[in-house]
Amino acid sequence: MEDFTIAIYCFVDDYLKVGHPKAGARRKLNDAQVIATALVAARYFSGNFARSKAYLKEVHQFDFPDKSNFNRHLHRLSPTISSLFLALGQTLKALNVSSQYMIDSFPVAVCRNIRIERCKLLRHKAYRGKNVSKREYFYGFKVQVITTLEGLPVQYFICAGSYHDITAFQSMDIDLPTGSELYADSAYTDYKLEGYYKELEQIHLLVVRKSNSKRPDHPAMDFIKKAMRKRIETTFSEIAAFLPSKIHAVTIQGFLLKVVLFIFAFALDKSL
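Mapping to numbering that gives the first Met the number 0: the sequence shown position 82 is 81, numbers consecutive.
Hints may be right or wrong, so weigh each one.
As the list claims (entries may be wrong) - Result set (EDC-like, lysine to aspartate or glutamate): computed pairs, CA atoms no more than 20 Å apart in a straight line:
no., residue 1, residue 2
1, K92, D268
2, K27, D62
3, K224, D164
4, K209, E198
5, K92, E200
6, K224, E149
7, K133, E232
8, K225, E149
9, K133, E149
10, K269, E149
11, K269, D62
12, K92, E1
13, K197, D174
14, K229, D184
15, K56, E116
16, K197, E180
17, K56, D2
18, K191, D172
19, K225, E237
20, K209, E237
21, K133, E200
22, K269, D221
23, K229, E180
FYI, nobody ran anything at the bench for these hints, they're computed from the structure. Nothing here was measured: the structure is a model prediction, and the numbers come from that model.
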């Protein structure tokens with residue numbers, strides 16, 4: 000844990016030194032310490048900031064402000080955290096010599112179905128989605144994640160739980176190197192979109208075909224796609240298992256921030 004904490008802090012601090020304003024002299028914590036605390040909480044304490052602060056105060060002598068000031072400071076750094084993940088994703092894409100990627104989604108529930116009427120974070124039926132693999136409904140968000148073949152997340156997109164995978168994918172701004180191959184399951188079927196990415200972006204969207212597809216694959220390609228599909232399922236089960244069964248938050252912004260922190264911490268844990 001100590002090595003991971005030091006590595007995270009050094010990574011964040013080095014990034015913030017380039018084009019990021021310095022923290023005020025009166026601050027107890029600089030921006031790198033705040034972000035590192037949040038990532039350590041996501042990695043080791045199920046997103047519990049209090050436990051992360053207690054650990055860092057005891058082991059690394061971090062001088063924390065009160066709970067309210069820390070949370071406000073962390074929320075102000077939300078855009079910085081997103082840009083940090085983007086920078087990490089660009090580095091991972093540059094190191095991915097195979098130029099092969101996978102995309103899939105997983106649900107993140109805000110509450111159980113029985114508590115929907117009492118839920119204070121969300122108040123709209125658009126967040127009511129269905130987890131097909133578990134044959135159950137959930138109330139919350141669906142997270143689209145693009146990973147390398149090694150399971151390293153390089154891009155994410157969060158949408159309401161009722162959104163279909165292809166609808167969310169159409170809203171994403173896919174940023175992959177020229178000549179990349181992106182494997183997906185049949186839920187991402189969109190022939191026009193496949194042609195668009197292939198012709199204009201030189202990105203090959205390789206979707207597992209449905210049994211009644213009008214564009215069936217050659218048997219060899221069909222075998223490759225189905226083999227990759229198994230790899231996708233394994234990778235995304237690891238990501239879903241990394242998240243706690245319940246994410247505690249009092250605002251929707253705080254909930255989404257924790258989701259991003261979990262994805263970020265997973266990427267760091269796999270890459271460090």
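Against the structure, the hints come out as follows:
{"no.": "1", "hint": "K92 with D268", "in the structure": "17 Å, holds"}
{"no.": "2", "hint": "K27 with D62", "in the structure": "6 Å, holds"}
{"no.": "3", "hint": "K224 with D164", "in the structure": "18 Å, holds"}
{"no.": "4", "hint": "K209 with E198", "in the structure": "23 Å, violated"}
{"no.": "5", "hint": "K92 with E200", "in the structure": "16 Å, holds"}
{"no.": "6", "hint": "K224 with E149", "in the structure": "16 Å, holds"}
{"no.": "7", "hint": "K133 with E232", "in the structure": "13 Å, holds"}
{"no.": "8", "hint": "K225 with E149", "in the structure": "17 Å, holds"}
{"no.": "9", "hint": "K133 with E149", "in the structure": "25 Å, violated"}
{"no.": "10", "hint": "K269 with E149", "in the structure": "9 Å, holds"}
{"no.": "11", "hint": "K269 with D62", "in the structure": "29 Å, violated"}
{"no.": "12", "hint": "K92 with E1", "in the structure": "27 Å, violated"}
{"no.": "13", "hint": "K197 with D174", "in the structure": "13 Å, holds"}
{"no.": "14", "hint": "K229 with D184", "in the structure": "10 Å, holds"}
{"no.": "15", "hint": "K56 with E116", "in the structure": "39 Å, violated"}
{"no.": "16", "hint": "K197 with E180", "in the structure": "10 Å, holds"}
{"no.": "17", "hint": "K56 with D2", "in the structure": "16 Å, holds"}
{"no.": "18", "hint": "K191 with D172", "in the structure": "16 Å, holds"}
{"no.": "19", "hint": "K225 with E237", "in the structure": "19 Å, holds"}
{"no.": "20", "hint": "K209 with E237", "in the structure": "26 Å, violated"}
{"no.": "21", "hint": "K133 with E200", "in the structure": "35 Å, violated"}
{"no.": "22", "hint": "K269 with D221", "in the structure": "29 Å, violated"}
{"no.": "23", "hint": "K229 with E180", "in the structure": "16 Å, holds"}
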